[in-house]
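Student: Start from the sequences and build out the full structure, keeping to the hints where you can.
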Amino acid sequence: MRHLLTTAGLRRETVTALLDTAEALKQALLGRQVRKLPTLRGRTVVTLFYESSTRTRASFEIAGKWMSADVVNVPAGGSSVAKGESLRDTALTLTAMGADCVVIRHPASGAAHRLAGWVPTHVVNAGDGTHQHPTQALLDAATLRERLGTLNGRTVTIVGDVLHSRVARSNIELLITLGARVHLVAPPTLLPWGVQNWGSGPHREEWEEHSRPVTVGHDLDAALPGTDAVMMLRVQAERMHGGFFPSTREYSVSYGLTEARLGLLPEHAVVLHPGPMRRGMEIAHSVADSPRAVITDQVRNGVHVRMAVLYHLLAAQEEQA
Amino acid sequence: MSSPAGTGAVGGTEPPRQRELLAAGEVARIVARMAHQVIEHTAPEPVMLVGIPTRGVPLALRLADRICEFGGTRPDVGILDVTLYRDDLRRRPTRPLRTTELPARGLDDALVVLVDDVLYSGRTVAAALDALREYGRPRAVQLAVLIDRGHRELPIRADYVGKNLPTSRDEEVGVLLVETDGTDAVVIRRSRR
Amino acid sequence: MRRPFLLRGIRPYGAGDPVDLLVRDGVIAELGTGLDGTGAEVLDGGGLVALPGLVDLHAHLREPGREDAETIATGSAAAALGGYTAVFAMANTDPVADTAVVVEHVYRRGREVGLVDVHPVGAVSSGLRGERLAELGAMAASVAAVRMFSDDGMCVHDSLLMRRALEYTRGLGGVIAQHAEDPRLTAGAQAHEGEIAARLGLAGWPAAAEESIVARDCLLARDAAAALHVCHVSTAGTVEVLRWAKERGIRVSAEVTPHHLLLTDERLAGYDPVNKVNPPLRTAADTRALRAALAEGIVDCVATDHAPHAAQDKDCEWSAARPGMLGLQTALSVVMATMVRPGLLDWRGVARVMSERPARIGGATEQGRPIAVGQPATVVLVDPDATWTVRGATLASLADNTPYEGMELPGRVVATLLRGEITTEDGKVQR
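Chains as they are written, first to last, in this note's numbering: chain A, 1 to 321; chain B, 1 to 193; chain C, 1 to 431.
Quick caveat, the hints were computed from the structure, so don't treat them as lab data. Predicted model only: the values in this text are computed from it and were never measured. Beta carbons are placed, not taken as given, at the ideal position from N, Cα and C, and that holds for glycine. Hints may contain errors.
Straight-line distance between alpha carbons at most 20 Å, and here's what the computed DMTMM-like set of lysine to aspartate or glutamate pairs gives [to be verified]:
| id | chain 1 | residue 1 | chain 2 | residue 2 |
| --- | --- | --- | --- | --- |
| 1 | B | Lys-163 | B | Asp-184 |
| 2 | C | Lys-246 | C | Asp-315 |
| 3 | A | Lys-65 | B | Asp-87 |
| 4 | A | Lys-36 | B | Glu-134 |
| 5 | A | Lys-36 | B | Asp-88 |
| 6 | A | Lys-36 | A | Glu-23 |
| 7 | A | Lys-36 | A | Asp-70 |
| 8 | A | Lys-26 | B | Glu-26 |
| 9 | A | Lys-36 | B | Asp-130 |
| 10 | A | Lys-83 | C | Asp-315 |
Heads up, incomplete: computed chain A residues facing chain C, CB under 7 Å, no partners named [said to hold, decoys possible]:
| id | residue |
| --- | --- |
| 11 | Gly-84 |
| 12 | Ser-86 |
| 13 | Leu-87 |
| 14 | Ser-109 |
| 15 | Ala-111 |
| 16 | His-113 |
| 17 | Arg-114 |
| 18 | Thr-130 |
| 19 | His-131 |
| 20 | Pro-192 |
| 21 | Trp-193 |
| 22 | Gly-194 |
Tutor: Now the structure itself:
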């Protein structure tokens, strides 16, 4: 693997290898006095975050450090970017300084793809605009695998602002690759164009019998009893001003995961959230703290998954680009 | 993968590609002998057998069974994947990681016996020693291998050797075990590299 | 006084046997076989197709204001090399061409360069702000004799302002060219609103944002009995609106760009901003509808919307890139590839959509004329069998943002003549 830019087009074997590696790394770190692996010693990982994000950036930093890589954080609020330096120039500068891998978060969709075309380093997409956030989807899959076993034939319901969510896009592609069905619940204004066609088509060899692995609905109560997992997306307040829905109250009444709705879920079903949560908006306070909510597991798995990604990108022989 | 002695090449008078050196019965006898040696050198101190994947693991389990049979108590068995500590990762495509599972009581002050199928350059064992350090501080670390084929590149030696097998560098030694390969044998073949 | 010269063995409109064409004093003096070439410079036409010089109703020459991307000189060179003899230069320069002063500057500069007739387009609203009418009369009365007015780049979205503009230009004998885009529906839009953009996380530019404005403007043109021209039609839906309007005798004309005939939103995949354009590349179904409409005449002509951009405005992430593509030098080849080769349009049809109709719509009376005795010798000679590979760096434009980079396209302009002067020959500018 040269880059991790998107979950679209990742082969099932690749995904499984990444998740297995994450699991092995988790095992390798258990019961150790020294939580450090020497594997990426001497490799330099730079995080280049144009959007502020404590959790994802910290997760990558810990992942790199636990693998003994040198991790440098470049916050783009700082000097040269604020002086108008282009993304391309920033990337070339960092590469010239010796970065082996750039982890980028950027508000423009496609930024990671463009970066991969400009620099010879490995690129990990930590979130580009509304496009993709592949490591989030991988850690969600790792968490689901932990709680549900195989994802083949499972139904995962994703609720909320799918239109603007890179987490949703990454998850939809990845879950379908792993054989799951995805049900989207959102107001019609917050669904991407043609999303019900995602996953179908002649190139998706995983799906022969079912031609539509993605379904769409607007009724959350109806969706919950039949699902194995529910993933609540963040809703940004500015979407309200864009006229996507009339008020936060109306939104949380229709699409919020309340205590009552938690009761509609099957026994084994779990609740995920990419964070940060707005308690009382998309998820009730008590639901966020219930044992069915696996949010802290997601965060923990996030470190191992990111370690696995760095391992697959940096530890082995350089692929011919 | 079974081990037919005989020609592997098509239509030629080439020497046989693979030769069987030890058959199933001999492997079992060697393991039994090693178990006796371990007991002899360590009793009454309890040992912890730590197998290096892949084949070091079933070997460690077999040794544990034999030690239990001959000595009375079954030693703890652990698994230690050394991939992350290898010094040659950058020379190959990505290696998949294996599990690491160590006994709950930890390594501190334990007598650890690393178990592997073949000892060659010594680098795998060196990686294993690096890995062990991060889990604790054993009282001592010993090494048990089924086959020692020589050509050490590091100052590593085994405490318990099933069989010494002089080889040349262009040969490969393969250990086959029922648990992983369906049969027990030790074979030698000409290396492709 | 230049010597007369003789084009030997050319095929006007690609039809019939080769004939000779004698040019004297900038005019076609004789047309026939076996003409006497004594005293004349002879150019061997080699059976090449001869068309009236191409007329582009929509190009951005960037001067004044963005001379780092293009100048009137380099833009004229690109146009002439593409077979053009007239170019309508859009008003969204810096300063905006909303006064007689700016349009006269552009006009005079075009004359100085002398490779193509540069017709400045005047802004509809002052500063393109869409608040009040610019001095349309002053621009029409100026040396530049502006007849086409457009806020292109921006949409005249205020219905009342559009109505007033249409009424006012009726009195001037002019035409309003609308960049149809309802800004409320396209706020933050990056690419055609469809499945591909949705997957790629690019905010969508809905087809209805174009179609609704076109429909509204047709009705306003009806009421004002005025002439409306629709820039860069990009959707099948707009074609249907135009058909409806023309059936009712509304005075509306429309143009399509070469890139909307050839390229689709499949090009979004690598996020290369060379494919970012306004209106965006649409679906294959839209390109098919546009080709049929151009052949049928519902869309009147081809116009390039030539939009050069400096490298730093394209060599960046998608959302930061400016929209627009080069077009002048590749237009004829793309029309050949999408219309002539598939048999949708013959060379007469090419003459119609790339020369005659645009000249009529823009009021360029010396252009788009028949290849006949007495007419200005403003023609282009085309080798229909040649092919060439597009390389942005070698095109005449200062900028090199061409979406056809590396593509092999059919047809080559062998020579361009403007009123008897050879402006380009064998891919080289002659002045």
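Student: Does each hint fit the structure? Answer for all of them.
Tutor: Now the hints, each set against the structure:
Restraint check: the Cα-Cα separation between Lys-163 (chain B) and Asp-184 (chain B) comes to about 15 Å, which is no more than 20 Å; the hinted pair holds. Note on Lys-246 (chain C) and Asp-315 (chain C): the hinted pairing is violated, with a Cα-Cα distance of about 42 Å set against a maximum of 20 Å. Under the criterion of a C-alpha separation no larger than 20 Å, the hint pairing Lys-65 (chain A) with Asp-87 (chain B) is consistent with the structure, at around 19 Å. Distance hint between Lys-36 (chain A) and Glu-134 (chain B) is fulfilled; the C-alpha atoms sit about 8 Å from each other, no more than 20 Å.
A hinted pair counts as satisfied when its Cα atoms are at most 20 Å apart, and Lys-36 (chain A) with Asp-88 (chain B) qualifies at roughly 19 Å. Using a Cα cut-off of 20 Å, the hinted pair Lys-36 (chain A) and Glu-23 (chain A) holds, with the two alpha carbons roughly 16 Å apart. Between Lys-36 (chain A) and Asp-70 (chain A), the direct Cα distance comes to roughly 13 Å. Compliance with the 20 Å bound is thereby established for this hinted pair. Between the alpha carbons of Lys-26 (chain A) and Glu-26 (chain B) the distance comes to roughly 39 Å, so the proposed pair goes past 20 Å and is violated.
Using a Cα cut-off of 20 Å, the hinted pair Lys-36 (chain A) and Asp-130 (chain B) holds, with the two alpha carbons roughly 11 Å apart. For the hint pairing Lys-83 (chain A) with Asp-315 (chain C), the CA-to-CA distance comes to about 18 Å; that is within 20 Å, so the pair holds. The beta carbon of Gly-84 (chain A) comes no nearer than 11 Å to any beta carbon in chain C, farther than 7 Å, and the hint placing it at the interface is violated. With 7 Å as the threshold, the beta carbon of Ser-86 (chain A) comes within range of chain C, its nearest partner Cβ sitting at about 6 Å, so the hint holds.
Nearest Cβ of chain C to the Cβ of Leu-87 (chain A): about 6 Å, under the 7 Å cut. The hint holds. Here the hint on Ser-109 (chain A) is kept, as its CB sits about 4 Å from the closest CB of chain C, short of 7 Å. Here the hint on Ala-111 (chain A) is kept, as its CB sits about 4 Å from the closest CB of chain C, short of 7 Å. Below 7 Å, beta-carbon pairs count as interface contacts, and His-113 (chain A) has one with chain C at about 5 Å; its hint therefore holds.
Checking Arg-114 (chain A) against chain C: minimum C-beta separation of about 5 Å stays under 7 Å; hint holds. Taking 7 Å as the C-beta contact cut-off toward chain C, the hint placing Thr-130 (chain A) at the interface holds, the least distance being around 4 Å. At about 3 Å, the closest approach between the beta carbon of His-131 (chain A) and any beta carbon in chain C falls short of 7 Å, and the interface hint on this residue holds. With 7 Å as the threshold, the beta carbon of Pro-192 (chain A) comes within range of chain C, its nearest partner Cβ sitting at about 4 Å, so the hint holds.
This hint holds: Trp-193 (chain A) has a C-beta 4 Å from the nearest C-beta of chain C, less than the 7 Å allowed. Taking 7 Å as the C-beta contact cut-off toward chain C, the hint placing Gly-194 (chain A) at the interface holds, the least distance being around 4 Å.
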